[in-house]
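Please model the complete structure; the sequences and the hints are all you need to start from.
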Amino acid sequence: MSHSIRNAVRRHPEGVTIGLVILISLAFAVITQGGWVSIGNLQSISQVTAVLAIMAFGEAMVIATGEIDISVGSVSGIGALTFLGLAPVLGSSLALLAAIACGILIGLLNAVFVALLGLPSLLVTLGTLFLFQGIGYAATSGFSFAATDAVRREFIYNAVGGGSIAGINVAALWALVVLVLLQLIVFETPIGNRILAVGGDAASSFSRGVSVTRIKFGVFVVSGVLATFAGMLDAAFIGYADGSFGATMELSAIAAAVLGGCHLAGGRISLIGTLFGAFMLRGIQSFLILLAVQPQWYILVVGLIVVLASLADRTLTRFALKK
Amino acid sequence: MGKPDGAGDSRQPLISIRNVSLFYGNIQALNDVSVDFYQGELVGLVGDNGAGKTTLIRIISGITPPSSGEVYFDGERITKFHPKKAIDLGLECIQQTIGICDNLSVGRNYFLGREPVKRIFGLPFLDKRKIRETSAKVVHDFGLRDTVDVDDEIALLSGGEKQTFKIARAVTFRNRVIIMDEPTNHLSVRERAHVNELAVQLKQQGLLVIYITHDIFQIHRIADRIVILENGRKVTDVPRDAMSTEALEGIIRDGGRGPAKGPKVA
Amino acid sequence: MRRFLRRSDIGIIIGCIFVFALFSLWNPQQWFNWGTISNVAQYTAILGLLAIGQTFVILIREIDLSVGSVYGIVGITFLGLESSNVSVLVSFIIAMLFALLIGLVNAVLVIRGKVSSMIVTLGGLFFYRGLIYVTTHGAVTGTPRAARENWLSQFFGGHWLRIENGFLLLLLLALLCGVALFHTRFGNHLLALGGDPASAESQGVPVNRIKTSAFCLCSLFAGLSAVVTLANDPSTNVSLGTGMELQAIAAVVIGGTLLTGGRGTILGTILGAFFLTAVRSEMIALGAPPSWYISFVGIALLIVVTINTVLAKRLKSV
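One line per chain: the protein sequences are Z, H and E, in this order.
Take the first sequence: its letter number 1 is residue 1 in the working numbering, and every next letter is one higher.
Take the second sequence: its letter number 36 is residue 36 in the working numbering, and every next letter is one higher.
Take the third sequence: its letter number 147 is residue 147 in the working numbering, and every next letter is one higher.
No lab work stands behind these hints: they were computed from the structure.
We put the CB at the ideal spot given by N, CA and C, even for glycine.
Misleading hints may appear alongside valid ones.
What the hints assert, rightly or not - In silico lysine-lysine, DSSO-like type, Cα no more than 30 angstroms apart, as pairs:
#1 E:K313 to H:K84
#2 H:K118 to H:K130
#3 E:K313 to H:K80
#4 H:K118 to H:K128
#5 E:K114 to H:K85
#6 H:K128 to H:K85
As the list claims (entries may be wrong) - Take a look, some chain Z residues computed to stay more than 10 angstroms from chain E by CB distance:
#7 I22
#8 I45
#9 L126
#10 G127
#11 V258
#12 I289
#13 Y298
#14 V301
#15 V302
#16 G303
What follows is the structure, given as structure tokens:
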């Protein structure tokens, strides 16, 4: 009996996160006397969760290979600014393509340094974080880019964040699409097997013929694209963006991934867990707002949770691996 | 157990190493090593710690390119060194510290790098049934206890079981060369005997088997040829019967400066 | 001579000489006036102190992402105590003890809890920043006049022969730490632990004690940096220190220390801090928008890491 519990925990580490989230959600609902679970509130939470989740999915892919990408916050800013900056001029469709292209290029830039030159990803993405933060500020020169009314009426604009379906912002649907796609890729394809292998033991994977370079290129490009996409979704929803767009979001993305059961050392990923991790972070934020508690408690709580979650994860892993 | 021909062999070597040197920074791991390997023979690659055996294997299996010198496979010069190339050429390697990803299941480890796929709408998806069935059959054929489920993480296996797994994997993929780096580590006495029998069987089936070991006595019993490396150089390359075990051991102990070396194979 | 060229900080030494010469020749009035010098000295001191602490941690292959928030919270604690009419000396001691405590917490979580330092200090970054906001309710009071004129405040914030005391303190501590790192057993152990943890442990290096010391030193220096900042300029706000952890890491890395541990110098770190500060100052003087400086740091980081890693691979034996 205990053997099967161990198996369950080992194969589905995100189960604990999901369980916790459900419990916490119930608590929130009760404490706010239903306010937290009101339609309006849930709609709002779903939008911010989706944006964070999409960014965190990309981060999780990078972390799965044993690397890290702390540039995703600045990169989401680039996505937002590119989209809002170009949409009034070129129309939403081209602006969308441009934003995605930026994501691909930035991902390639990171990948060249990490995968080809073998530099530590923490430092490389720290460098690109600075670089693109600066570019973002320079491009806006202290102002913000805003969507014009004409742009807001465009279909594409609404499709990538401006609109809602049945009250739920489209970002939530996009998040589900990305989740399903990545879940399939990571767990049901050879590429996914190799991603996990590289994160688990890059040298062994290499000796079995896996192209570690190509795998790392792939995950950094995915991370870049998802970061710009997330930025675009959020920018389209809010309607404007300035140079500070996305700043410090990389920390939340990493926190969401870690909460979701991804190991920073690589080799273990849970996309569903990451989604719930993002939901937990944004849910707590919403809860604090509803209670009219100083919003700054949120950051404090996030810090605590991230560390506690890691501690718990370590204990659980040891428990699950006992033979 | 036929011996390969002596000098003047008309058969082309399957693998030919010519004047290969390798530097790690300032340290020279291999110094002008030349050796030929033929199909259908079992070569014992012996030497003390740090002699360069594992380094040579890393070059042959494509992990590291040499700093200088040439490597030929089937008469063709190898210009790009990548493990994928070696595997495609039919080379399987059982290495000491690498080869297994602890976070993957037994089945996924088994097929890593050549996962079987089933195409859905033209896209490659893992054929999980084939992974499970094939790997389960192989590892159980090789004696892994039945309670091991190939969907379990390989981290749950003991050292000996992991070693058995590596051997099973190397042996059952269709290939031409098997390199075993200290394959009897972590194994019981009976299991060791089994591995050595296996090495001989593979050779008899026509494969080239390169067997690295410390244990000169053990390898002397099964090898056709013994190659001794010392401090990055090849110091001996003789057919098994040319020298006694004690003489060979003496060479290793004396660091390659021992008494008369036997007749050299080209 | 060859050994000199193989120092980890040779790059930044050349870089600093180059930058210094360039700015002196290009814009001498701007560069050589006391206003600029004082400014550069002060900011180099602040960033430098933060970076020295971070150096110890990076040398043992760990990282401390919380130093910006620690800087903030220790600084604000210091100010808060002073405003409550606690003597400057006592305020300082309490602030330092607080910093030490934070370092210990980090160490315990990493060593005992076996959580990676990146996560622990990432959590710390959030937690302490949140704690600042929550305890101050967004408002930070300045220091009373008497406190500003106190001898200790003057020690940290004043001048001596027109040179910022903070900068002199930086030089002194850098010297002490450099000596500690390369000429004491502690330093030897630390470098060994970073260079090859397995061997170090088997050679009897007290791993846990070294790690704890490194984390504590890091937080202490962060706190000290805050005190130096505020003694000189007690006006501040709740976002004090935001982003400083990244700048500190950049300074350390540009100074030649490798993330892979075991290789780096204190001199390199303070030169890295000087380099970044000097460029920033010159950029501002030339009227470039602040965003250009941030981009510059990013590019410099990428270039330096590339060069350092490639060089290190050439020098490494196996």
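Evaluated hints:
no.	hint	in the structure
1	E:K313 to H:K84	holds (24 angstroms)
2	H:K118 to H:K130	holds (10 angstroms)
3	E:K313 to H:K80	holds (21 angstroms)
4	H:K118 to H:K128	holds (9 angstroms)
5	E:K114 to H:K85	violated (40 angstroms)
6	H:K128 to H:K85	holds (25 angstroms)
7	I22	holds (23 angstroms)
8	I45	holds (20 angstroms)
9	L126	violated (6 angstroms)
10	G127	violated (4 angstroms)
11	V258	violated (6 angstroms)
12	I289	holds (14 angstroms)
13	Y298	violated (7 angstroms)
14	V301	violated (7 angstroms)
15	V302	violated (5 angstroms)
16	G303	violated (3 angstroms)
Violated hints for the displayed structure, listed by number in ascending order: 5, 9, 10, 11, 13, 14, 15 and 16.
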